[in-house]
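Asker: Given next are the chains, with one letter for each unit.
Protein chains: 2
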Amino acid sequence: MTHILKGMRVVEGSAFVAVPLAGMTLAQMGADVIRFDRIEGGLDAGRWPLAPSGQSLFWAGLNKGKRSVAVDMKSDEGRELVTRIVTAPGEDAGLFLTNLRVRGWMDYDTLRTFREDLITVTLTGDRHGRPQVDYTVNPALGVPDITGPEGHADPVANAIPAWDLIAGNLCVTSLLAAERHRLRHGKGQEVELALKDVAAAAMGHLGMIGDAVLGDAARGKSGNALYGAYGQDFLCADGERVMVIGLTGRQWTGLVKVTETADAMAHLESRTGASLRDEGTRWRLRHEITEILKPWFALRAITEIAPLFDKMGLTWSRFRTLKRAVAEDADLSPANPMFREIDQPGAGRFPVPGAPMTFSSGPRKAPQPAPALGAHTEEVLGDVVGMTDTEIAQLFDKGIVQSPDFVRPRTAA
Amino acid sequence: MTHILKGMRVVEGSAFVAVPLAGMTLAQMGADVIRFDRIEGGLDAGRWPLAPSGQSLFWAGLNKGKRSVAVDMKSDEGRELVTRIVTAPGEDAGLFLTNLRVRGWMDYDTLRTFREDLITVTLTGDRHGRPQVDYTVNPALGVPDITGPEGHADPVANAIPAWDLIAGNLCVTSLLAAERHRLRHGKGQEVELALKDVAAAAMGHLGMIGDAVLGDAARGKSGNALYGAYGQDFLCADGERVMVIGLTGRQWTGLVKVTETADAMAHLESRTGASLRDEGTRWRLRHEITEILKPWFALRAITEIAPLFDKMGLTWSRFRTLKRAVAEDADLSPANPMFREIDQPGAGRFPVPGAPMTFSSGPRKAPQPAPALGAHTEEVLGDVVGMTDTEIAQLFDKGIVQSPDFVRPRTAA
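Each protein sequence line maps, in turn, to chains A and B.
With full-length UniProt numbering as the guide, the letters of the first sequence map in order to residues 1 to 413.
With full-length UniProt numbering as the guide, the letters of the second sequence map in order to residues 1 to 413.
Bound conformation, chain A alone (with noise of 0.2 Å):
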């Protein structure tokens, strides 16, 4: 009963969402992920959100349960080092994630002279090795021009990083499959994959390149309704809010019934013609749909609507701050197997997720912990290089390597 990639080594070689998370998704499965960093952190090192001791929440959210390793690497032992930890032998080893688009000593081909088998996967910014980051994919995608509500004139951005949460596992999935490829045919490679075809590849996947090649006009925006169907949100008597979609059959059968709103909806259909059991006609019918449907929902608390709900089993939920989500929902806490409370050393105790699949070969490995800033060089340097104690104790003393000891008069200034 082990983790299932127990035994992987994965290093990392990284900045921001989508590499960072690839490897942390294999940590969190089980493999020995290593990233490592220049001495004064990476490019991520104080990105926001930042706890109240101003250390970086996101960095530590992003690098949980990996070794860290501090190395100059502006220097010719620094690099080597890099080289050595890298393509370090190990039948599950030589596995390499990287962002950092280094020319040269950093290359694939270069990097594969020291371990033929080595498998790389490097993500750029576009295919033309620009740099491109998530908040600049987006708008050359159209999606702010179809985000936010219905009439309202400006681009609208996502709060999500999608495109790099999805280039990070598309990173995983890469790796994964050149490593089964590896482990039949004994056989290295280089996958290399591109921040705007991510997420070109999505909308693609989704309809929505054929629908603007085919289609008449461009896709407009539409509020917080399920686009092509129904579904939408609505003010309860409480001011709360609850988002109910009728997106099959089932859930449109179920909404109608528990709001018994069956007789205004049949004479929308004798008015208009349409038959709402047609998903397109409740999506094209969906203001009027909406305004039969809101005093039923203006009339009643939430406390009143989700148990009707509940019983009828539809698909629905409440709108809440991520604040109120965390301190009223159980899935945001231990309460959730996926969830355990940890102390960030430095930034504070609160819930942290593991992977959220379980598989039923192994337990759910416990979430861990970020690392400090090269916590692991002298541990990695030794059990990964093979150095002994006075070639790392030589490292430290040039100032080529770091860990914590010596870093720590800097973060605490």
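No lab work stands behind these hints, which were simulated from the structure alone.
Heads up, a few of these hints could be off.
No distinction is drawn between identical chains; accordingly, a pair holds when it is met within one copy or between any pair of copies.
What the hints assert, rightly or not - In silico BS3-like pairs for lysine-lysine, Cα to Cα no more than 30 Å straight-line: (1) 365 with 74; (2) 257 with 311; (3) 365 with 257; (4) 74 with 398; (5) 257 with 74; (6) 323 with 365; (7) 257 with 294; (8) 323 with 294; (9) 221 with 294; (10) 323 with 311; (11) 74 with 311; (12) 187 with 6.
Use these hints to put chain B onto chain A, whose structure you have.
Answerer: Then chain B, alone, in the frame of chain A:
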């Protein structure tokens, strides 16, 4: 030189975004993916967007390159047939993805009696087994409360089903990790995950749960600004809109340099006593920074801005509707090797994406059209289940299975 997952066979019982995307991702890496549906089509058979012909571009987008089998699962013979397809022999088969939540005959525990090393990956709504979709998970976690213009009172929904897309990718990860385990230990596996957990984990990984617990105030809306550092949209002289990023020190310095605003920024620093070299200061002073930068953009057309930004290596993009992006941006056309223009029978001709990843061990797999419902029924009953022509003909005669010849009159209606 073959595709990375060539030889793997996966069976999918699914609807909507996540699990169909998971199956398609595997298909686009070379796996043989068989999706089974009831004879009238799955719950997503008519999901929007639709082609002018009325055919679902959504379904076409999420089922590309799969084999389709149409079976009457209300009949005992139909259920037996699906069981035989899922549990059919084959070293790289016995892999099942589902979000159908069918109790009894389609359970892991029932199916594994027919193939002990079966791997199933099951996606549910929430961890309690309640139905949830992207549109309900999102408000439950507070995302609409932080989306939209600063000061806007109402919640704003995502236009993209980000959590579904991420969940689908995690289904792929789960399947590959479980199959890796099976290759080594010969053991089957049941993997379970819930959409709400996928979203909650991501919010935690981004540091947002820690922020909600440790911070004094709930995070608010911040319009199109990059959270926690600097990044903003600007209107240019010609009415075009651009997004420009000043997240890293290099991006910020480049932005100040190209817009020749160093003096004004220095004045802002001396007036506030804060250093703009700190990303958090750039965030807190974002409105002041934006006022300084605005006139520069307002005086220049995008044709003037673009080459300056590219020369400086800035991270930026323009805003475009998807319709315009598809017409203007070569990255969304077959000039990008990820795309191929294909004819989706019954829908039309448009650029279709393959997998965003390239693997050095083989060529890109060109994207394939989605199958017609049941198009491969006969073929799968033969080559996967191993039935004789006579047995297959009997199933067609009894109406237990269908293929497009039978379906055609329905879709033309």
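Asker: Please go over all the hints and tell whether each is borne out by the structure.
Answerer: Do the hints match the structure? See the list:
1. 365 with 74: Answer is neither; intra-copy 36 Å and inter-copy 39 Å both fail.
2. 257 with 311: Within one copy, since 12 Å is at most 30 Å while 61 Å is not.
3. 365 with 257: Neither: 43 Å inside a chain and 48 Å across chains, both beyond 30 Å.
4. 74 with 398: Intra 13 Å, inter 73 Å, cutoff 30 Å: intra-copy only.
5. 257 with 74: between (68 Å within a copy, 26 Å between copies)
6. 323 with 365: within (26 Å within a copy, 45 Å between copies)
7. 257 with 294: within (15 Å within a copy, 53 Å between copies)
8. 323 with 294: The answer is within: 27 Å in one copy meets 30 Å, while 34 Å across copies does not.
9. 221 with 294: So residue 221 and residue 294 pass the 30 Å test inside a copy (21 Å) and across (26 Å) alike.
10. 323 with 311: within (28 Å within a copy, 43 Å between copies)
11. 74 with 311: Cα proximity of residue 74 and residue 311: across copies only (25 Å, versus 63 Å in one copy).
12. 187 with 6: both (21 Å within a copy, 15 Å between copies)
Hints 1, 3 from the list above are not met by this structure, while the remaining hints are.
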